[in-house]
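S.K.: Sequence:
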Amino acid sequence: MFSHFFIDRPKFAIVIAILITLIGVISLPMLPVESMPDITPPTVSVTANFPGADATTMEQSVAIPIESEVNGVEDMIYMSSKSSSDGSLALTVTFDIGTNIDMATVLTQNRVGIAEPKLPEEVKRQGVKVEKQSTALVGAISLFSPDGTYDELFISNYISTRLYDEMIRVNGVGKVTVFGAKDFAMRIWLNPEQLKARNLIPDDVIAAIKQQNVQVAGGSIGAPPNSGGLNFQYNVLVQGRLSSVEQFENIIIKTGDKGDVLYLKDVARVELGAEAYHWYAESRGAPAITLGLYQTPGSNALAVMDATRALMDEVAANFPDDLEYEVVLDTTEYISASIDEVIETLIIAIILVIFVVFIFLQDWRTTIIPAITIPVSLIGTFSVMLMLGMSINNLTLFGLVLVIGIVVDDAIIVVENTVRLMDEKGWDSRTAIREAMIEITGPVVATTAVLLAVFVPTLMMPGLTGMLYQQFALTISIATIFSSINALTLSPALCRLLLKPSTGKKKWIAFRAFDKTFDVGTKGYMVLVKGMLRKSWLVMIVFSGLLVATYYSIISLPGGFLPDEDQGYFFVNAQLPDGASLDRTKVVLDKVNKMIEETEGVDKFVLIGGYSLLDGVASTNTGLGIVSLKNWSERQDPALNIKAIVATLQRKMASIEEGIVFSFLPPPIMGLGSAAGFSFELQDRGGLGINQLQAFANDLVAAGNESPKLSRMSQGLR
0 MFSHFFIDRP KFAIVIAILI TLIGVISLPM LPVESMPDIT PPTVSVTANF PGADATTMEQ
60 SVAIPIESEV NGVEDMIYMS SKSSSDGSLA LTVTFDIGTN IDMATVLTQN RVGIAEPKLP
120 EEVKRQGVKV EKQSTALVGA ISLFSPDGTY DELFISNYIS TRLYDEMIRV NGVGKVTVFG
180 AKDFAMRIWL NPEQLKARNL IPDDVIAAIK QQNVQVAGGS IGAPPNSGGL NFQYNVLVQG
240 RLSSVEQFEN IIIKTGDKGD VLYLKDVARV ELGAEAYHWY AESRGAPAIT LGLYQTPGSN
300 ALAVMDATRA LMDEVAANFP DDLEYEVVLD TTEYISASID EVIETLIIAI ILVIFVVFIF
360 LQDWRTTIIP AITIPVSLIG TFSVMLMLGM SINNLTLFGL VLVIGIVVDD AIIVVENTVR
420 LMDEKGWDSR TAIREAMIEI TGPVVATTAV LLAVFVPTLM MPGLTGMLYQ QFALTISIAT
480 IFSSINALTL SPALCRLLLK PSTGKKKWIA FRAFDKTFDV GTKGYMVLVK GMLRKSWLVM
540 IVFSGLLVAT YYSIISLPGG FLPDEDQGYF FVNAQLPDGA SLDRTKVVLD KVNKMIEETE
600 GVDKFVLIGG YSLLDGVAST NTGLGIVSLK NWSERQDPAL NIKAIVATLQ RKMASIEEGI
660 VFSFLPPPIM GLGSAAGFSF ELQDRGGLGI NQLQAFANDL VAAGNESPKL SRMSQGLR
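In numbering that gives the first Met the number 0, the protein residues as written are 0 to 717.
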């Protein structure tokens, strides 16, 4: 028999168990750590810029040509684009779950290449970027000057030259968005009257700048072929691109017949400023630039933020005076806290199971066998999880908690049956375990098959819900299989080595008291069962009542994909009327800033004017707030849980009359949307036009907000 081989060779069984454990221990640090399984469909982003263009121009001249070519790329589910009034286009192509993201990026790039000849020249010069997109915001870091020594322009360019390249190289960082970025640019303000007086148009100025602000190769002097006899060769260095205000001011726009020269400074004012002023950021009331860090799929979120913090500490050592940074958002704090709680539950469950086994078996030798098999099965599961591309998350750890009771059962069956045979027949451990395995090998295998029949069908569930619970089911199934292997190999070997015949010694008083109590409970239960059998009609009535109560409990409970949890942070969205300037938005955000500062439980926050997280576009009439709360240990009061804090802040922000300001929670699964709740897209399939589509969207939002089941509905079409 299979088990007899290991009974006769217990060291071999122990070596196998040690090997399983070692592989699991080695695999554990290599597993990605995240809050929930990665079920976000892979996405590829296409971005383009057309300086000076409005949203309508971007849609017609850039978005439509690109979309018409990208549409239908292999494995694409859908795509959506957002044309912004700052002349930017963001096209997101979403692919089927399981699609190779690198191949999807290449295929999308090929389609965009076909569309490029149809794009305006300025767009082609700016470049069209195609890159795999990470939608999981793992953290945010703000750089600011507390005493106001440095403005946003300096901080933004400090990030561009000293920090951005380092940050994007951090292992696991897929994308870095610089909120409030203000890169250096030479700004030229034309004087219309001077242009008219000299019979010039803006294109004449642009042509002159393009012609004289170029990088050229000067060649060399004395390079062969030459007349011979030259002793030296020199490379000619010529002035390339211009870099100072004075150099730009001296660009020659026009020359007269009499040798007079018209310079750029004669028809325009030149200054070194920012490329764009359509947004800004503030941290602790001071001008700031905020870095949004997005995680690459499959990376370890905890390792990403640890590496990022280490990098910031290293870079901050060389910061100029009065330049500081602050991690305003770290989503891994919630991941660490939630996983720590599950691990604590896992350890408690193991201790309780071992304690219960000891109470019932009442012998340390019999208890140690299940106590050894539990960690072997659980740790061995990690190796298979790594091979299957799984991660350590709340669901897989929850599966391990539940499976403890399963993995210990097989070992208990082996031990109890062996002890029974030793007590009843007086056999030694080797003889008893050989006979015991003949009796229980079939039941152990059958029990495993039944358990797998329960959990394996979960793997067949379709859609996002199915993917969410696949890792949960796989974890339990893998641990169950390891448990059966241990029951047929390790447990029999340990029984032979550890179990001894009963000496007939009197039991410890605590065990005798437990046995008496248990016997009384068993007899009472038997009396209850006999009574129920005599009045089965009453049992059926009570059972039916419980079924009805269960049904009404189910339909009365709130439904949802996943519950909203206190992740330790939330967002604020500000929406002003269409066309509102950035100055008006700042007035609103200044009020929000004061309200957040006065809200108890808030730790740190950053406000970004000119950007909407919900719409995903930059617009001067929108604003975003990222608010991090104090640690959960400091918010034990129910009035300081995240829903209470959000409700308190919402009541304050309701007094703001200049726009609509509301707070919202992050999605339960990072990367699956921008906020908790749901979103959907309206399509103008009838060709009614953008105005009719916007009017219908506004009506839909108004009707939705009147429903008691919905709140804070909004739409981003402007």
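A portion of the hints provided could be inaccurate.
Claimed, not checked - With a straight-line Cα cutoff of 25 Å, these simulated BS3-like cross-link-like pairs (lysine-lysine) come out: (1) K529 to K506; (2) K642 to K593; (3) K499 to K10; (4) K593 to K603; (5) K128 to K195; (6) K209 to K117; (7) K117 to K128; (8) K651 to K708; (9) K128 to K209; (10) K174 to K603; (11) K195 to K209; (12) K209 to K253; (13) K424 to K529; (14) K195 to K174; (15) K590 to K642; (16) K515 to K534; (17) K629 to K651; (18) K264 to K209; (19) K424 to K534.
Think of the hints as simulated: they come from the structure by calculation, not from any bench.
These numbers were taken from a predicted model, which means no experiment stands behind them.
S.K.: If you test the structure against every hint from before, which numbers come out violated?
M.R.: 1, 5, 13, 14, 16, 19
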